[in-house]
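These protein sequence lines map, in sequence, to chains A and B.
Per the working numbering, residue 1 is the first one in the first sequence, and the count goes up by one each step.
Per the working numbering, residue 1 is the first one in the second sequence, and the count goes up by one each step.
Heads up, some of the hints might be wrong.
Which stretches of chain A does chain B cover? Using the computed rule of at least three CB atoms under 8 Å from a CB of chain B, they are [unchecked claim]:
hint: 1; stretch: 74 to 86
hint: 2; stretch: 127 to 141
hint: 3; stretch: 162 to 174
If you are wondering where the hints come from, they were derived from the structure by calculation, not from laboratory data.
Don't be surprised by glycine CBs; every beta carbon is placed ideally from N, CA and C.
Take a look at the letters that make up each chain.
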Amino acid sequence: MGVVLTDPFGWIGQTLLELLTRLGLQVGAANLVINLLGAVVLGTICMTLGALITWVERKVVARFQDRLGPNRVGPFGLLQPIADGIKLLTKETVTPTGADTIVYNIAPVVMVMSVIGLWAVIPLAPRLIGSDINVGVLYIVSVGGIGTLSIMMAGWASNNKYALLGAFRTVAQLVSYEVPMVLALLIPTLLAGSMGMATIVEQQANVPYIVLAPIAALIFFISSMAEAGKAPFDLLEAESEIVAGYNIEYGGLKFGMFYVGEFLHGFTIAALTAVLFLGGWQGPLAESYPLLGLIYFLAKTSVVYFGVMWVRFSFPRLRIDQLNTFNWKFLTPLSLAVIVVTAVADKWAVQAGLSRVGVLLGANALLVLAIVWLIGAYARSARRRLERTGDKQAAGAHA
Amino acid sequence: MSALQWVFLLIAATTLVAAIMVVVGPNLVHAAMWLILALAGVAVFFVLLDAGFLAVVQVAVYIGAIAILIIFAIMLTRHLTADTEPQVTRSWWLAALASMVLFGGLLTMLTQIPTLTVGAPPLPGNPENNVRDLGQALVSLDQYVLPFETASVLLLAALIGSIVIALPPKAARADEAES
């Protein structure tokens, strides 16, 4: 019984291995079966979680908008996702005329694949991680690129101008916001000295990285929200402009896959923020009781996810030029500055024997002051320019 | 044959078929999709060779950036996507000859590498740390710091060049300042 509490996941693996070898499988084959089983279980849990998240999100948005939200099917409307799923399942599968059938049908699968693929490197609890590869952070970046691809496939194959417009916006948005996201991902890598996700969590045993690098955490949060296409960055599907963007021509379960994939992506970026900056499963007693670690991880993820929803339901959508200006003129230079400052300050703190927390927090505070001053100066100069041209125009109108 | 060899053969066949489909299909977007499949196959080869870093970079750079750029370029020239014109030009046999000669030359050179027959030597150092070793090799003075910095400067020049090209012409800027 003690083993079950201190190392439940290792115990499950060991028991399964013994069971399979007793059934006559070789150790290698048994390990293969166990790994496949693990992948299937993880993927299924993610999809189920995705369905549950749609309920959570609808309940929360309802409260933000002073409504009740789904409350008819089951207690608190908890069975609403199942009812929705049945509805989507029973719909006719339509392929629009002139659509590129194969690409059109593959796109939703690629979308869901790219989101669930991210969960392979997220450490859920001590010693519980899909695959602890030593390039975990880079893996996240490359799998995110596949998501971009799926949206372009959907937009192109639908044979619809709105869908194509949505796909074009994808390039403007997802590819540009990848730059600050990758740069912000460098900070935890730098601080932990490793790209493996499990190592990054282990290194946060004493201080989570949000304390050491608050600006990087914020940049990562913002740019990964843009990567997930969440409001205020939901230009790919802006309902009031291009109807639904890339998924306009999708119906039934194919639309359902985009829908679940998108909701799950929101939860996934919350999980990534929790792992990279909030210490993942770290917490009191988590090391000796891994199930407690899982609970800590889910709690931290839920807090961040509430933040994602809060931002989504509170801010209006950005215009495309504002979106790109914000990225290229603010987020990207800022993240470059953060990397330089963090690298230098961290090295200096270690060499001078000073407190890492103090030095990095101080450096971040100085950076914030510099940003505020720069933005203030920019706003003043912009206002002055506006006043001058305004005077000229007013003079022209009088003359 | 071991399971690894079966995986290798399967992936090799997929990559080759995808690579052939890139050049024979009439539809440009489909060709780009096949190209992505071929590049993904190469990423799997890197995984089979225990080069996880290269595999992930292959996906991030080639599929995440270059392939998407290609598709975007094709989409902007939409009328070209369903090309009904003949697939080959008059001098196709010259191109075929050139590629055969190149392929033959590469094959002869490759077969002369001794490790092909005796098996690859084990990688130096701990495989767990190979990303760290790679990073240190790129910035240490007696290894690859010069090529690394040269490539950085080249990329910086490309970056500045693209900004210069994207800037509005001088006349338009003057207009903007006037208004």
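Mind listing which of the numbered hints don't hold for this structure, in increasing order?
Going through the list in order, the structure violates hint 1 alone and respects the others.
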